[in-house]
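As you go down the protein sequences, you meet chains A, B and C in turn. So in this note's numbering, spot 41 of the first sequence is number 41, and the numbers just go up one at a time. Position in the second sequence (first residue = 1) + 165 = this note's numbering. Position in the third sequence (first residue = 1) + 330 = this note's numbering.
The set of hints was computed from the structure by calculation and includes no laboratory data. Even glycine gets a Cβ: it sits at the ideal position worked out from N, Cα and C. The reader is advised that the hints may include incorrect statements.
Said to hold, decoys possible - Part of the chain B face toward chain C, derived, beta carbon under 7 Å:
| id | residue |
| --- | --- |
| 1 | 171 |
| 2 | 174 |
| 3 | 249 |
| 4 | 255 |
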Amino acid sequence: MKKINIDSPKKTIRDVEIGDRVTIFDFVNLYECRIGSDTRVGTFVEIQKGVEIGSHCKISSHTFICEGVKIGSGVFIGHNVSFINDRFPRATNSDGLPKNRDDWDLIPTTVADNASIGTGSTIMCGVVIGEGAMVGAGSVVTRDVPAHTTVAGCPAKVITDTEGN
Amino acid sequence: MKKINIDSPKKTIRDVEIGDRVTIFDFVNLYECRIGSDTRVGTFVEIQKGVEIGSHCKISSHTFICEGVKIGSGVFIGHNVSFINDRFPRATNSDGLPKNRDDWDLIPTTVADNASIGTGSTIMCGVVIGEGAMVGAGSVVTRDVPAHTTVAGCPAKVITDTEGN
Amino acid sequence: MKKINIDSPKKTIRDVEIGDRVTIFDFVNLYECRIGSDTRVGTFVEIQKGVEIGSHCKISSHTFICEGVKIGSGVFIGHNVSFINDRFPRATNSDGLPKNRDDWDLIPTTVADNASIGTGSTIMCGVVIGEGAMVGAGSVVTRDVPAHTTVAGCPAKVITDTEGN
């Protein structure tokens, strides 16, 4: 791993640790995260601090990965996928002042190795998406996804295992 | 309020009125709108003309706020939230020429003070999201949301009031 | 048609054929595609290689159009719309190495003339959206949409024809 900092017209990258042969496309905002070898990061992607992404992943355009998310290796994240880390988000505290990071509980989310998350999906905080699982496009995932199963819908439900049964 | 114009590599900001201590992140397209004091605007956000946003709000990354939307103070708008202002959008008029702003009816949308709109939600035009209401992540809101209630789903339905009842 | 290449701070445009009076906004990533006359392309849009878009279309902000998509003339694509071209996406092959374009089957999608796709919709691969059809905001389209009908929901179902019956 090496740490990179790029502040160019098309890239805002601050304190990001990357492995070998990582590809990062234009118009990205990445900070204080780790991205494994051979992983590709598409355009219009934001990855927040503390995020860990394994090797050989594909993070597609327009996707948002927040603090608290850990992604294994060989994972496909489609376009326009959003993660969440706060179950009851509010802009302000009860005193009316803006919430800072200390004012709410971060709830982690895990995506295990070789899972695929379809384009346009929203992943609620606190879930584990199991190894090799597949989330159908446009899903809203609100609970854990067992390994090697496919889920789809809003809220997402198991529709099959990945062997087609 | 002061009016700002910034045309830098990472920001397109034209005729935007802002209050004090407004934070605007990279890769934004904001024009002819008003943003109140202490409000934060994330990356990859577009805010169109005529939009009014109160103070102490958080507008998260990848969100689109169109003409006709009025947002109160202390409002949380999640990531990847889209508003709408045209009920039956078409690219062209019956003569086949591109529609201009005079060729369709703008339908306004209001988000009242201290409401929260979850990540990945789509807000149909013409709705009022009441004070302190919460819209669950990944929702499609097609009708008014009463104050201090939580809605979720596609289409979004009331699941509880915000006291947990 | 003329071919354009622009690599400026706010635009990444490579080998794109455009007609007359095409408008392209800031923060876009367009490559090896064709865009017809009088079509408008919004901010934060990515259009991939091989995509063909007709004349007099409106492609709104935050939208992703992938390889394999063909869009007619007079088409409205809302904000934050995502297309798909791979039914079972995976990041890697069974040998664990990253998939390249030769390692999966591209499944095409067609949007016929004068159709409208609402904001926040996800369009599964392999569908045909018929002439003049309308897809409601926030829909997940998983099957063909007949001409001159309106569909909505997740998954999208016919709710009316466009005459209001």
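Worksheet entry | chain C contact restraint on residue 255/B - CB to CB distance below 7 Å | With a closest approach of 6 Å, the residue 255/B hint holds.
Worksheet item: At a threshold of 7 Å, is the proposed contact between residue 174/B and chain C supported by beta-carbon distances?
Response: holds (4 Å)
Worksheet item: With 7 Å as the cut and Cβ atoms as the points, is residue 171/B at the interface with chain C?
Response: violated (12 Å)
Worksheet item: Under the criterion of a CB-CB separation shorter than 7 Å, is residue 249/B in contact with chain C as hinted?
Response: holds (5 Å)
Hint check: a violation occurs at hint 1 only; the rest are consistent with the structure.
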